[in-house]
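Protein chains: 4
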Amino acid sequence: MQELRIGMIGYKFMGKAHSNAYRSLPMFFPETVKPEMSVICGRNEEAVRQAAHQLGWQSSSTDWKELIIREDIDLIDINAPSDAHKEIAIAAAQAGKHIFCEKPLALSLKDAREMLDAAEEAGVKHMVGFNYRFSPAVRLAKRLMDSGRLGQIYHFRAWFLQDWIIDPDFPLVWRLQKDVAGSGSHGDLGAHLIDLAHYLVGGMDEVIGMSETFVKERPLAAEMTGLSAKGSAASDAPKGRVTVDDATLFLARFENGALGSFEATRFAAGHRSTNAFEINGSLGSVKFDFERMNELEVYFNSDEEDVQGFRRVLATDPAHDYAAAWWPPGHTIGFEHTFIHEMLELSSAIAEDRQPVPNFRDGVRCQAVLEAVERSIDERRWVKISEM
Amino acid sequence: MQELRIGMIGYKFMGKAHSNAYRSLPMFFPETVKPEMSVICGRNEEAVRQAAHQLGWQSSSTDWKELIIREDIDLIDINAPSDAHKEIAIAAAQAGKHIFCEKPLALSLKDAREMLDAAEEAGVKHMVGFNYRFSPAVRLAKRLMDSGRLGQIYHFRAWFLQDWIIDPDFPLVWRLQKDVAGSGSHGDLGAHLIDLAHYLVGGMDEVIGMSETFVKERPLAAEMTGLSAKGSAASDAPKGRVTVDDATLFLARFENGALGSFEATRFAAGHRSTNAFEINGSLGSVKFDFERMNELEVYFNSDEEDVQGFRRVLATDPAHDYAAAWWPPGHTIGFEHTFIHEMLELSSAIAEDRQPVPNFRDGVRCQAVLEAVERSIDERRWVKISEM
Amino acid sequence: MQELRIGMIGYKFMGKAHSNAYRSLPMFFPETVKPEMSVICGRNEEAVRQAAHQLGWQSSSTDWKELIIREDIDLIDINAPSDAHKEIAIAAAQAGKHIFCEKPLALSLKDAREMLDAAEEAGVKHMVGFNYRFSPAVRLAKRLMDSGRLGQIYHFRAWFLQDWIIDPDFPLVWRLQKDVAGSGSHGDLGAHLIDLAHYLVGGMDEVIGMSETFVKERPLAAEMTGLSAKGSAASDAPKGRVTVDDATLFLARFENGALGSFEATRFAAGHRSTNAFEINGSLGSVKFDFERMNELEVYFNSDEEDVQGFRRVLATDPAHDYAAAWWPPGHTIGFEHTFIHEMLELSSAIAEDRQPVPNFRDGVRCQAVLEAVERSIDERRWVKISEM
Amino acid sequence: MQELRIGMIGYKFMGKAHSNAYRSLPMFFPETVKPEMSVICGRNEEAVRQAAHQLGWQSSSTDWKELIIREDIDLIDINAPSDAHKEIAIAAAQAGKHIFCEKPLALSLKDAREMLDAAEEAGVKHMVGFNYRFSPAVRLAKRLMDSGRLGQIYHFRAWFLQDWIIDPDFPLVWRLQKDVAGSGSHGDLGAHLIDLAHYLVGGMDEVIGMSETFVKERPLAAEMTGLSAKGSAASDAPKGRVTVDDATLFLARFENGALGSFEATRFAAGHRSTNAFEINGSLGSVKFDFERMNELEVYFNSDEEDVQGFRRVLATDPAHDYAAAWWPPGHTIGFEHTFIHEMLELSSAIAEDRQPVPNFRDGVRCQAVLEAVERSIDERRWVKISEM
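Residue numbers (full-length UniProt numbering), protein chains in the order written: chain F, 1 to 388; chain L, 1 to 388; chain B, 1 to 388; chain P, 1 to 388.
Everything labelled a hint here was simulated from the structure, so no lab data went into it.
Fair warning: there could be bad hints in the mix.
A pair counts as met if it fits within one copy or between any two copies, since identical chains are not told apart.
Said to hold, decoys possible - Below are the DSS-like pairs computed for lysine-lysine, each with C-alpha atoms no more than 27 Å apart in a straight line:
#  : residue 1 : residue 2
1  : K216      : K384
2  : K65       : K34
3  : K142      : K65
4  : K178      : K384
5  : K110      : K384
6  : K239      : K34
7  : K110      : K34
8  : K12       : K384
9  : K34       : K12
10 : K239      : K142
Keep in mind the model is a prediction, meaning the values are calculated, not measured.
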């Protein structure tokens, strides 16, 4: 295989991040299959045409169904709003296309399972966009876990804190509407934490959660721009109901006996995007915060007794995943690089005829926990993941 | 009142901290009533005599009952193991003595309530040893809360992480035995977090928790030295059962609508004593970590938009509580100072004929949450504090 | 002008950074003139052909002179080793091409001045590659300075610390040879600090320095790959003399009365690339460290007295330069982005028919300080910049 | 020897710190000789009597000469203003008393040498108050240096930054007057850095410096209270000339080849008392900041290549000097503890009949560097320490 011909549906925040990733692969990872940025697709003809031009796509389209049946497309990249994922993914699978789908995979576990089934039945490759796995510092944490350098795991605690909707006059964008977004901070932010937990620690046995919508009504806005600058609407604008959670917390017991604590919120003043976790094992610990994504703090019990302490490891050395492809040690990378590494996995897996990781199975697994938490909130009880 | 004549029961870790506090008051807070360090009491005659000498007490005793009936004692300071608190406190109250009691107030909520009742009935002053309230940085957090500078509170998250018993060969000290200690990390560490939550945010409505004992058996040790160096016993020593929790986590909903997350563990490698919390409000946030106890991180939404960020405030300026009594700005204080400030409140309250804060009411309130969490774990359900 | 047609000489570390920048401009800053990546030039035909392919250039060449006379080239980008800068730049100017030249502009102040003269005489645009100016956090520092929010400046201290040649068996790469590199850490790292000082604080009046070469001989290496991984040669390899400084420090008095302290070294264990500075003014201070390049620490005297402290500002908000073109607040950028912003200034300036900043004047100004420091070391005395 | 009977001259900031140290020794270091706080001496009879009462001295005096000849005094503790040190110390030595003298030892190197000579001639014990040596984290740095774990030393950089006199209306206190204080930030703050350099790295060969007085005149104040809260005088108050430096920087070459950089200033906004240093060796590095005095950051080249990074070591473990005498691991100490450890060295040395460290030789050595720097500033040239 020489090229991977891509049709991408969606062209906003994630569309830009994906485009940049496809475009960057050949320069920094020249050994991989080259993505060919064939068609970009969106509903607004003028906007999508402009996006094609700016983001470097060969052509644009307003009809995703037409995209899916084209012979000259190998992969469908889905980053449209979450409520559109299922229909597109299943159609793409049935058309024999490989699929990359942004998280959350679907609005419900049932939908996610149908998507997985369709993809498996069709025998296509499928991947889900849990990009944070692809930070070099997170990979280092994974390596320390897998090699046993942290020992038996006792604790995983994680929190994804943002503050972009604290202002009660921030408008009712699509991310605050359940029918489009599925859920609020839980599905948007918590999903990443759950995936990191799965990736690093393993499966969960049971969960119990709590959630809240602090601001229950917000101004309707003519233009709803998603996760954007902290704009606020006129205070006399008509208001609509916020139908998703502003914050969701839950406790979890992992299959391996570790205890987990999770928190996702958009109401943590001062936290623009703190996506952080800590793992404590019998031999050591690691800490990560995406606001300082090049760093992993690492502690080992086995250090000499007078110099024990968390090490601030800058994951930019040749010893760290991906780093050699970038800049010399100490020269950091940013948010967008997680997508480049993600697309490297995608294209490598397709070239090597194996399933990429994370794939729809991981998406389903994440969705199961998301819904188990929601059920635990509704029913005010511990819910087994196996119930889902 | 010229002097406050003290009889202290207990002479180990807390006994030393209290002695140092009493001894330091006149030098740094000369305007307060001077504590007179009259008698120190403990079961081992030789050891307590030596403690009296080293810690600066005028005399020693092995009989706390005798202490309590002495005419020349105004205040009984109880820092004996937790299982002795109740009997001593009630006897002291009945003898008309003021009481300072270390936390946890008692081994059960019922006992704690009896102690409160006894103290109230006797009309004596009573205080409980939640010393972390007395860090200048925590006082600053309190002031920001009370003055409304953080707005409506959305989140309180707190964790008290230690690592002194990770080694499975660490012996079965009294703190790991339920009949003496009451509970493990929950009552020892979690109690402090709960008190800080009460102090800073207010009462809780309901809780649900999870706990674990990771190392279920430990070597019996001839000498059990409490929270000491990480010694380990011979691996062939006879073993006994650990009857307390190694780690306890819980979620809480506060009466004011805030969401709380709590974690106490002795299995967090690399954390010698991380007692940390964060509060997020509608106008700003604060963060605290006792390992850097002189600092409070503070964030305000109202800062100019290009210079918003958490401020690292060193609470050593004259503008901060207690700081003027100590050293010039930038010259830090340590753990023991929390006790000095605590004893300042104690002696000031007695001199002013008012109840000190925190007092047995706060001890009871903390115990109610501790037990509600335990019940929620036993019964696997949310428990209302009002049920307790 | 529709496009800026570029011929680039050099294709290694900086060649890659520049290529990535040119390639990224249209996607993230679509309003600017689009760079056309026409020809890339280097001495090794096979290597440069491969680089052209990987980095996205339309063609390659091994003859920079041919490049310079081509009609279809608007701008010459020089990132060949430092000893080649002068000849190429002057020829390019004489051929009427705009010039971007990596720092250090030249091996000597005299050469740098000739380059500036040639460019000015030819009336072309010229720019020098002080990329660190283009970090959003540095721009924020500049804005605070210029708007007077820091008041009168008292102190500027800066250090650029690396550790890649601590191993005495690290080979004698070109950067350690004076005839190719001009100088060692002083010209390589110190030059950046000097430029930041000029940018942020202004001109210097006089300087005095000190330098050292800690490891005086190193193994000759067949392949010398510059600032690369910490490889080490066989210990019995033949050795050659290191002819540049391993570390250079100097003190400076600024024209505005501020005191400056500068340190550049490649022997600071643990520092992969700490490029840091702090500025103290009468109204406030700022701190920056490139290892956390998205952050600026900011302090204001005027903050309320109980909440004074350095703020950790994440320069990823719409209020910060460049940030709106990238990702939502809290989503960081990396090292390579400084070059994208640099090339934005380059193409914008050419489109607007003005000189870019920093340009050869800034390169000359930096070189004057570099040489003044060297003279001060040779002559063991304070040297006025005006002497140079 | 059973007790060490002390006469202390001075009763303000340092008098309080010393009193607290003497008072604390028996409680925390009971194995040492017990200091007997016999007489405290000062010029203002009422004030010194009150100080005696508050600080716990048995009696007070206004005549230091009388103190010195008393039979029942073993040690004279001098913490009066710097201009009084010499006369008192020499008289004390001649009277056969052991001497503890605050830094700076004297107003001049000549005076310091006379003091040393007098003490040596009299055969008494002598110590100088470089208290920062006695931070457990600094002791750890020393241990790493001495054991060779950092290898050959390349760099020492240190800065002592304060901000208490930035306000131009801050009054002309004694610390700003050369005839009383000797020098400004140089002698007050820089002296500590120099002593730390001597302690950790060794002797210096030559130095060159730069200094400035940013605010040249200040309001005269009726009450001049030293290093106190940031009060400011009325702006129409009569003014006097500031005769000391506000900031002094210097470069140094150490005898062992290391390069040193030093900065002392009282004009660094946001720095209440940042006393920080970093050492880079061939095998590792350490960093220290007194605002976080319980921590030492430590880096080793020999760490496994994927987990190299500065470790944040909390020097509160039993493995660290002094820590076992205090609280459990993770429970921090503060500024005042450096004096307690200092007085432990003093009383231990006297009990063991050896010279304490640091003693007047260290005071002289520090003074030689201070004056060499001053000469280098006056004469605008490098000055050898051997010239002094």
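Right, here's what the structure says about each hint:
In this assembly of identical chains, the alpha carbons of K216 and K384 lie at most 27 Å apart only when taken from different copies (25 Å versus 30 Å within one copy). With identical chains, the CA atoms of K65 and K34 are at most 27 Å apart within one copy only, with a shortest distance of 25 Å there and 33 Å across copies. Proximity of K142 to K65 under the C-alpha cut-off of 27 Å is found in neither arrangement, the shortest distances being 39 Å within a copy and 51 Å between copies. With identical chains, the CA atoms of K178 and K384 are at most 27 Å apart within one copy only, with a shortest distance of 24 Å there and 30 Å across copies.
For the identical chains of this complex, K110 and K384 are intra-copy neighbours only, at 17 Å inside a copy versus 34 Å across copies, given an alpha-carbon limit of 27 Å. Proximity of K239 to K34 under the C-alpha cut-off of 27 Å is found in neither arrangement, the shortest distances being 47 Å within a copy and 43 Å between copies. Taking the shortest alpha-carbon separations for K110 and K34, neither the intra-copy value of 34 Å nor the inter-copy value of 47 Å comes in at or below 27 Å. Within a single copy, K12 and K384 get their C-alpha atoms no closer than 37 Å, and across copies no closer than 45 Å, so neither meets the 27 Å cut-off.
In this assembly of identical chains, K34 and K12 lie within 27 Å of each other by CA distance both inside one copy and across copies; the values are 23 Å within and 22 Å between. Taking identical chains as interchangeable, the C-alpha atoms of K239 and K142 are never at most 27 Å apart, the minima being 45 Å within one chain and 35 Å between chains.
Hints 3, 6, 7, 8 and 10, counting from the list given before, are not met by this structure.
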